[in-house]
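There are 2 protein chains.
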Amino acid sequence: MLAISGVCGLGILILLSLNSNGFVTASDNQPFKYEIKEFQVPLDHFSFLKNASFNIRYLYNNSFADKGNKRSPIFFYTGNEGDIEWFAQNTGFLWELAEKQGAVVVFAEHRYYGKSLPFGPNTFNKTMPENLAYFTVEQTLEDFALLITYLKNGADLPVVAFGGSYGGMLAAWFRMKYPHIVIGSLAASAPILQFPGITPCDIFNKITTSVFHTAYNGNCTVNIGKSWKAIENVASTDAGKKQISDAFHLCNPLKGPDDLTKLLDYIELVYGNLAMANYPYNNSFLAPLPAYPVRQMCFYLKELHKTDADLLQAMANALAVYTNYTGTVKCLDISSNSNADDSGWNIQSCNQMVMPFCSNSSDTMYRTSTWDFKEVSENCVRDYHLTPKPNDIILRYGGRDLSSISNIIFSNGLLDPWSGGGVLQAPNDRVHVIIIPEGAHHLDLRKSEPADPPSVIDARQKEATIIASWIEEFYIWSKK
Amino acid sequence: MLAISGVCGLGILILLSLNSNGFVTASDNQPFKYEIKEFQVPLDHFSFLKNASFNIRYLYNNSFADKGNKRSPIFFYTGNEGDIEWFAQNTGFLWELAEKQGAVVVFAEHRYYGKSLPFGPNTFNKTMPENLAYFTVEQTLEDFALLITYLKNGADLPVVAFGGSYGGMLAAWFRMKYPHIVIGSLAASAPILQFPGITPCDIFNKITTSVFHTAYNGNCTVNIGKSWKAIENVASTDAGKKQISDAFHLCNPLKGPDDLTKLLDYIELVYGNLAMANYPYNNSFLAPLPAYPVRQMCFYLKELHKTDADLLQAMANALAVYTNYTGTVKCLDISSNSNADDSGWNIQSCNQMVMPFCSNSSDTMYRTSTWDFKEVSENCVRDYHLTPKPNDIILRYGGRDLSSISNIIFSNGLLDPWSGGGVLQAPNDRVHVIIIPEGAHHLDLRKSEPADPPSVIDARQKEATIIASWIEEFYIWSKK
Numbered sequence: 001m002l003a004i005s006g007v008c009g010l011g012i013l014i015l016l017s018l019n020s021n022g023f024v025t026a027s028d029n030q031p032f033k034y035e036i037k038e039f040q041v042p043l044d045h046f047s048f049l050k051n052a053s054f055n056i057r058y059l060y061n062n063s064f065a066d067k068g069n070k071r072s073p074i075f076f077y078t079g080n081e082g083d084i085e086w087f088a089q090n091t092g093f094l095w096e097l098a099e100k101q102g103a104v105v106v107f108a109e110h111r112y113y114g115k116s117l118p119f120g121p122n123t124f125n126k127t128m129p130e131n132l133a134y135f136t137v138e139q140t141l142e143d144f145a146l147l148i149t150y151l152k153n154g155a156d157l158p159v160v161a162f163g164g165s166y167g168g169m170l171a172a173w174f175r176m177k178y179p180h181i182v183i184g185s186l187a188a189s190a191p192i193l194q195f196p197g198i199t200p201c202d203i204f205n206k207i208t209t210s211v212f213h214t215a216y217n218g219n220c221t222v223n224i225g226k227s228w229k230a231i232e233n234v235a236s237t238d239a240g241k242k243q244i245s246d247a248f249h250l251c252n253p254l255k256g257p258d259d260l261t262k263l264l265d266y267i268e269l270v271y272g273n274l275a276m277a278n279y280p281y282n283n284s285f286l287a288p289l290p291a292y293p294v295r296q297m298c299f300y301l302k303e304l305h306k307t308d309a310d311l312l313q314a315m316a317n318a319l320a321v322y323t324n325y326t327g328t329v330k331c332l333d334i335s336s337n338s339n340a341d342d343s344g345w346n347i348q349s350c351n352q353m354v355m356p357f358c359s360n361s362s363d364t365m366y367r368t369s370t371w372d373f374k375e376v377s378e379n380c381v382r383d384y385h386l387t388p389k390p391n392d393i394i395l396r397y398g399g400r401d402l403s404s405i406s407n408i409i410f411s412n413g414l415l416d417p418w419s420g421g422g423v424l425q426a427p428n429d430r431v432h433v434i435i436i437p438e439g440a441h442h443l444d445l446r447k448s449e450p451a452d453p454p455s456v457i458d459a460r461q462k463e464a465t466i467i468a469s470w471i472e473e474f475y476i477w478s479k480k
Numbered sequence: 001m002l003a004i005s006g007v008c009g010l011g012i013l014i015l016l017s018l019n020s021n022g023f024v025t026a027s028d029n030q031p032f033k034y035e036i037k038e039f040q041v042p043l044d045h046f047s048f049l050k051n052a053s054f055n056i057r058y059l060y061n062n063s064f065a066d067k068g069n070k071r072s073p074i075f076f077y078t079g080n081e082g083d084i085e086w087f088a089q090n091t092g093f094l095w096e097l098a099e100k101q102g103a104v105v106v107f108a109e110h111r112y113y114g115k116s117l118p119f120g121p122n123t124f125n126k127t128m129p130e131n132l133a134y135f136t137v138e139q140t141l142e143d144f145a146l147l148i149t150y151l152k153n154g155a156d157l158p159v160v161a162f163g164g165s166y167g168g169m170l171a172a173w174f175r176m177k178y179p180h181i182v183i184g185s186l187a188a189s190a191p192i193l194q195f196p197g198i199t200p201c202d203i204f205n206k207i208t209t210s211v212f213h214t215a216y217n218g219n220c221t222v223n224i225g226k227s228w229k230a231i232e233n234v235a236s237t238d239a240g241k242k243q244i245s246d247a248f249h250l251c252n253p254l255k256g257p258d259d260l261t262k263l264l265d266y267i268e269l270v271y272g273n274l275a276m277a278n279y280p281y282n283n284s285f286l287a288p289l290p291a292y293p294v295r296q297m298c299f300y301l302k303e304l305h306k307t308d309a310d311l312l313q314a315m316a317n318a319l320a321v322y323t324n325y326t327g328t329v330k331c332l333d334i335s336s337n338s339n340a341d342d343s344g345w346n347i348q349s350c351n352q353m354v355m356p357f358c359s360n361s362s363d364t365m366y367r368t369s370t371w372d373f374k375e376v377s378e379n380c381v382r383d384y385h386l387t388p389k390p391n392d393i394i395l396r397y398g399g400r401d402l403s404s405i406s407n408i409i410f411s412n413g414l415l416d417p418w419s420g421g422g423v424l425q426a427p428n429d430r431v432h433v434i435i436i437p438e439g440a441h442h443l444d445l446r447k448s449e450p451a452d453p454p455s456v457i458d459a460r461q462k463e464a465t466i467i468a469s470w471i472e473e474f475y476i477w478s479k480k
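Chains as they are written, first to last, in the working numbering: chain A, 1 to 480; chain B, 1 to 480.
There may be inaccurate statements among the hints.
Repeated chains share a single entry, so a pair holds when one copy, or any two copies, can fit it.
Stated by the list, open to error - Pairs of lysine-lysine, DSS-like flavour, derived with a Cα cap of 27 Å:
#, residue 1, residue 2
1, Lys306, Lys37
2, Lys115, Lys37
3, Lys37, Lys389
4, Lys115, Lys126
5, Lys152, Lys374
6, Lys374, Lys33
7, Lys100, Lys241
8, Lys302, Lys462
9, Lys152, Lys206
10, Lys306, Lys374
11, Lys389, Lys302
12, Lys330, Lys374
13, Lys374, Lys50
14, Lys126, Lys50
15, Lys126, Lys33
16, Lys302, Lys33
It should be emphasised that the hints constitute simulated quantities derived from the structure, not laboratory data.
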């Protein structure tokens with residue numbers, strides 16, 4: 001999930017090449033197998049203006065379901081900002097649990113992502129900004145509601161929604177608005193409170209700083225805190241610009257001041273991504289990374305440096321943990337954070353996903369930045385002809401007033417910067433909050449690994465028990 | 001609320017002339033006083049297509065609120081299919097309770113009704129069918145959500161939604177979808193189950209028949225059951241047509257077979273309206289009527305008649321209880337059931353309010369009629385360029401699966417034909433069902449009258465206690 005502040009941005013740099021062609025099964029080198037299907041949905045669920053429709057994709061696997069049981073549960077992943085195959089391959093817990101609990105697996109692709117494009121190749125055509133009009137949470141939830149109704153095919157089945165990050169927000173909101181369609185939701189690392197006025201805008205960067213501060217030694221955040229100015233100092237001469245370009249192996253050497261800003265913004269993004277993907281084993285979720293990559297990066301920043309040049313070189317070495325862990329990247333392309341999926345999230349940030357971010361250099365490793373909604377809004381109008389509605393989400397989903405919701409598990413890893421916008425206290429006894437002290441961004445949704453810390457093993461066990469109890473309760477009430 | 005079947009229709013014939021001009025207070029001859037205000041809402045809450053907006057009206061009275069209490073409750077009527085002033089004057093219970101409980105009174109007008117027309121005089125322009133696109137339940141609920149948020153003005157206030165009939169459906173759905181905005185709802189005579197596949201289509205006409213059957217003596221329904229054919233028989237000659245036209249004092253004498261059909265459909269509508277407005281005192285809710293008008297009508301049908309002509313005359317006398325109780329109506333205009341408000345409901349019947357109605361002459365006093373969705377749909381396309389979505393409401397509001405809802409009172413009078421589509425069993429202990437054996441259509445929402453039967457007095461008392469408990473609980477939780 002990309003987080004956009006007024007001045008600088010944090011986000012996911014997706015470096016995967018996805019194998020999403022074909023219609024039958026995922027490629028052999030991917031661990032989880034499925035059929036790729038399509039489902040027709042109305043373009044606009046909420047007006048009677050036109051009858052246009054398009055297809056969303058979904059992934060389907062019923063191999064775990066008990067064939068003698070016509071009422072097997074459905075585990076339904078509410079797809080988020082990206083190609084749905086990527087989420088299917090990075091949500092191993094759902095697959096493991098489906099096997100244990102005999103559930104049908106469905107991963108539904110979010111409209112405007114992957115291959116679920118309402119206007120095909122013209123979906124993001126800059127000359128047709130009206131094509132973005134139906135790119136909203138509510139339209140997406142309706143897609144899912146219709147798809148589940150279709151999949152149930154008239155039978156009374158227990159359906160559980162799963163999602164991580166923005167997908168977790170969707171899973172939670174889906175249960176809130178359609179409790180008759182899903183019996184419960186697992187909302188992993190779902191920052192449903194990261195909206196204006198209900199969460200301090202600096203919390204994401206404060207948590208990231210804390211993660212970096214404790215990863216190796218405290219010099220890590222001291223160095224990063226000094227690096228912004230140090231890099232600027234070095235960049236003040238042409239020789240310095242070359243020195244920076246060489247140190248970071250930039251594909252496009254620094255020239256003007258804009259290039260420097262882009263580099264610094266890119267570096268800032270990397271810190272957030274590293275904290276999110278700070279998993280206890282090698283992984284390729286956001287980029288090919290070692291186990292505990294923050295610790296690895298901070299290892300390169302463990303010494304305090306006397307000169308800007310020394311600090312610069314240490315920074316470059318540290319950054320390579322994220323940008324070139326495989327050692328195969330020839331040069332660093334800092335513009336690569338705007339692939340199709342990130343651009344989708346940029347658009348959502350300009351309609352409903354108005355998440356304030358800011359930071360203060362006095363208590364974080366970041367530069368000071370403020371949240372300026374007016375500027376955000378002007379940029380949105382300029383870039384997409386969209387005027388953001390900063391109050392939409394709180395108006396519809398209640399902000400911090402969650403007293404009436406039920407059957408939602410909110411899990412949050414305390415190493416995850418998004419936990420600052422998560423639900424960390426249960427509003428009532430029908431809602432479950434699971435805290436994973438050693439967890440990064442929705443670690444619990446990933447498949448089991450030998451290196452998993454006890455807290456995530458425990459969290460998954462709790463989640464499995466709660467979900468099983470929902471299903472059992474469903475069968476009792478509906479007289480299986 | 002108008003109920004449209006494939007063959008014939010039942011509905012409210014609104015014969016009131018409303019005093020809705022001016023901006024300040026209701027006229028002196030109306031019992032309840034308010035300011036008339038306006039509130040700007042987006043035309044389309046659910047897309048980012050355009051930024052068009054328009055004003056909805058609402059009525060406001062804060063004279064009962066404790067001026068020392070900045071957190072007085074708001075009693076918010078979710079306006080339904082008509083001019084909001086009409087509902088304000090016919091919902092006396094809300095006013096009485098507001099006075100007792102120190103609440104601010106708000107009656108919000110439903111978009112596309114009264115003076116809350118999105119496209120002004122062109123709203124229903126037949127040459128601009130696209131103007132009807134945003135005439136939906138969800139858009140309306142969002143109007144209310146925004147208005148309440150505006151009225152709260154940042155304060156943490158308890159808001160209770162009230163509504164009767166379709167307004168009760170809106171009140172219930174509003175609590176389901178926006179539990180963070182209203183602490184509870186009183187949904188009086190709200191047939192939220194009157195939708196395809198979840199309630200038998202003949203239930204409305206069966207209940208009406210039962211009400212008529214027990215009103216005076218059983219001959220009433222026998223006579224009505226015979227009357228359809230009797231009137232047809234008499235109408236088979238020109239002399240007969242004149243006889244009918246004279247007996248019913250038709251403004252436009254019968255000519256072709258279409259005229260006869262219209263007359264019979266009109267009569268059928270009257271029966272439903274009489275059952276709905278079968279209150280224990282004179283009233284002008286749907287038309288100027290005596291107390292217990294069904295009994296009054298059936299008094300004229302207490303004898304079995306030997307000839308069609310005799311039956312016809314008895315029918316004409318009986319019908320006048322509804323059509324000319326004041327004795328001042330010079331002739332009967334059977335086309336008057338399509339005033340602006342009824343035409344609004346006709347449109348909603350062609351988008352989301354797809355309510356199946358049918359009847360069987362073998363077990364009701366009605367002609368046999370079937371529910372033919374295809375025909376309904378074709379007529380909707382012909383009349384409004386609208387293709388009805390018969391599954392929208394169940395998809396969004398759960399049909400009979402209400403297990404997760406809370407803090408809604410569903411009250412139903414057993415004399416009300418709409419009770420057949422009402423919630424008569426509480427799905428859980430957070431939902432209250434109040435049955436009023438002697439009640440017609442949302443009798444409990446009307447102001448107290450000396451003739452009120454004990455069951456409605458008791459119902460109002462229960463409703464008052466439950467609503468007070470919600471408010472008390474709110475203050476405890478939010479630390480008054």
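Can you give me the call for Lys126 and Lys50, within, between, both or neither, at a CA distance of at most 27 Å?
Cα proximity of Lys126 and Lys50: in one copy and across copies (22 Å, 17 Å).
Please work out whether the CA atoms of Lys389 and Lys302 approach to 27 Å or closer within one copy, between two copies, in both situations, or in neither?
neither (43 Å within a copy, 64 Å between copies)
Could you figure out if Lys302 and Lys33 sit no more than 27 Å apart (CA to CA) within one copy, between two copies, both or neither?
Intra 43 Å, inter 74 Å, cutoff 27 Å: neither.
Give the relationship of Lys126 and Lys33 under a CA distance limit of 27 Å: within one copy only, between copies only, both, or neither.
neither (36 Å within a copy, 53 Å between copies)
Up to 27 Å CA-CA - Lys50 versus Lys374, copy category:
between (33 Å within a copy, 19 Å between copies)
Is it within, between, both or neither when you check Lys306 against Lys37 at 27 Å Cα-Cα?
This pair counts as neither: shortest intra-copy Cα distance 59 Å, inter-copy 68 Å.
Is the C-alpha distance from Lys306 to Lys374 at most 27 Å within one copy, between copies, in both cases, or in neither?
This pair counts as neither: shortest intra-copy Cα distance 40 Å, inter-copy 81 Å.
Between Lys302 and Lys462, at a C-alpha cutoff of 27 Å, which is it: within one copy, between copies, both, or neither?
neither (38 Å within a copy, 70 Å between copies)
Within a copy, between copies, both or neither: which one fits Lys115 and Lys37 at a CA-CA cutoff of 27 Å?
within (11 Å within a copy, 47 Å between copies)
If the cut is 27 Å between Cα atoms, do Lys152 and Lys206 qualify within a copy, between copies, both or neither?
neither (44 Å within a copy, 33 Å between copies)
Is it within, between, both or neither when you check Lys100 against Lys241 at 27 Å Cα-Cα?
Cα proximity of Lys100 and Lys241: none, with 56 Å in one copy and 75 Å across.
Check Lys152 against Lys374 for me: Cα-Cα at most 27 Å, and say if that holds within a copy, between copies, both or neither.
Intra 45 Å, inter 25 Å, cutoff 27 Å: inter-copy only.
In this structure, the earlier hints numbered 1, 6, 7, 8, 9, 10, 11, 12, 15, 16 are contradicted, and the remaining ones agree with it.
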